[in-house]
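> Here's the letter readout for the chains.
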Amino acid sequence: MKNISVLLILLIASLLLGACGGSSEELTIQSAWARPASVGANGAAYFVIENGAGTDDTLLSVSSEIASATEVHMSMEMDGGVMSMQMQESVPVPAKGTVEFKPGGLHVMFVELTQDLKVGETIILVFNFEHAGAKTIEVPIREP
Amino acid sequence: MIKKNLYFVLFIVTVVIGLTMLVEVVFRKPYSFHGTIINPPLPVTDFTLQTSNEEVFRLSDQKGKIILLFFGYTSCPDVCPVTLATFKQVYDNLGVDAQQVRFVMITADPDRDTPDKVSEYAARFNPEFIGLSGDMTALYSIWKELGVFVEKQETGSAAGYLVSHTSSVYVLNQSGNLLMTFPYGTTAIEMIDDLNELLKQSR
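These protein sequence lines are chains A and B, in that order. Under the numbering used here, residue 144 is the last one in the first sequence; the count climbs by one each step, no gaps. Under the numbering used here, residue 203 is the last one in the second sequence; the count climbs by one each step, no gaps.
These are computed hints drawn from the structure, not numbers from a lab. As the structure is a prediction and not an experimental result, all values here were calculated from the model. Treat the hints with caution; some may be incorrect.
[What the hints assert, rightly or not] Here are the simulated lysine-lysine pairs, PhoX-like style, with alpha carbons at most 20 angstroms apart:
no.	chain 1	residue 1	chain 2	residue 2
1	B	K200	B	K65
2	A	K135	A	K96
3	B	K88	B	K65
4	B	K200	B	K29
5	A	K102	B	K4
6	B	K88	A	K118
[What the hints assert, rightly or not] If you only want the chain A side, here are some residues facing chain B, beta carbon under 10 angstroms, derived:
no.	residue
7	W33
8	R35
9	A37
10	S38
11	G43
12	Y46
13	V48
14	T70
15	H73
16	S75
17	M85
18	T114
19	V126
20	A134
21	P144
Virtual Cβ for every residue (Gly too), placed ideally from N, Cα, C.
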């Protein structure tokens, strides 16, 4: 009888572990897109970071080979309808949490594009997270 | 006898239609604008700025057109393209009525934005869009009159300084008076509704 109980507990435990062990435990970057822009101008990219892991993470930097600099910024609405933009040193991504980069909010800023960003083309972005490490994604260029 | 009945029915129908029309006129709710209405509309002092190829843009030359005006700068990667992309949707949706509206961007960063640069930036979204810059005195008096806040800020970006600026859209009526403002975040659909109503009222 005791043996059966132990077996049952082991069975339930393994099922629970199995359920948690899916791909949702990773940190992923979804729904990425970048705005069309001309060479020499500045551009922006948007996406959703989903942290499926049980530990808090931090986005340390984003890099690309299409601009003089690739930075993380946040647009904020101040009093009286004034929009202000602040460069972000890092962006916290809470455990099991989601951080959305969207127009008028957090965004990746391309300073001085070295090439045109044309609708239909894609660019490569490399994200550097404190825990999840480096993540490389393809980002399509499209109209909002 | 049949004829008499017919007249009676016609009479009733006429009365019902008449009453319905009366109710419609008396009780119809007035259109409620999405934008913030300025009542009475505020006269705007005439101004002259430059567009591409040193062409002059004079406010008083635009009489008869509705003007959608916003302030931005060409190094701005996020908020300004959002507004211009909204303008593009509005323009495309208005169809032929778009010819009754001028879409204008005035720079908030004259030190870096030449008239050619702002024109080219606006035209990238639609060749009909007008981008303007000019001398500091002219720009400053427009900002001041419309209550546009403009401030440079150093944030350590490789882009150099950034510019905090009022991001509302200003709507000037066909006489060049400030009629309404759209706060940042007003959707293209909301702008289209309001513009259609304005165009309807002026017909």
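> With reference to the structure, classify each hint as holding or not holding.
For each hint, the structure was consulted:
1. B:K200 to B:K65: holds (13 angstroms)
2. A:K135 to A:K96: This hinted pair holds, its Cα atoms lying about 18 angstroms apart.
3. B:K88 to B:K65: holds (17 angstroms)
4. B:K200 to B:K29: The given pair, whose Cα atoms are some 16 angstroms apart, holds under the 20 angstroms limit.
5. A:K102 to B:K4: Between K102 (chain A) and K4 (chain B) the Cα gap is close to 71 angstroms, so the pair fails against 20 angstroms, i.e. violated.
6. B:K88 to A:K118: holds (17 angstroms)
7. W33: At about 12 angstroms, which exceeds the 10 angstroms cut-off, the nearest Cβ of chain B leaves the hint on W33 (chain A) violated.
8. R35: holds (6 angstroms)
9. A37: Holds. Min distance 8 angstroms.
10. S38: At about 7 angstroms, which falls below the 10 angstroms cut-off, the nearest Cβ of chain B leaves the hint on S38 (chain A) intact, so it holds.
11. G43: holds (6 angstroms)
12. Y46: Holds. Min distance 9 angstroms.
13. V48: Hint violated; V48 (chain A) Cβ to chain B Cβ min 16 angstroms, cut 10 angstroms.
14. T70: holds (9 angstroms)
15. H73: Since chain B brings a Cβ to about 7 angstroms from H73 (chain A), closer than 10 angstroms, the hint holds.
16. S75: holds (5 angstroms)
17. M85: With Cβ-Cβ at 5 angstroms, under 10 angstroms, it holds.
18. T114: Constraint on T114 (chain A) not satisfied, violated at 13 angstroms.
19. V126: Where the cut-off is 10 angstroms and the nearest Cβ of chain B is about 17 angstroms from V126 (chain A), the hint is violated.
20. A134: Interface hint status for A134 (chain A): violated (21 angstroms vs cutoff 10 angstroms).
21. P144: holds (5 angstroms)
Going down the numbered hints, you'll see the structure goes against 5, 7, 13, 18, 19, 20, while the others check out.
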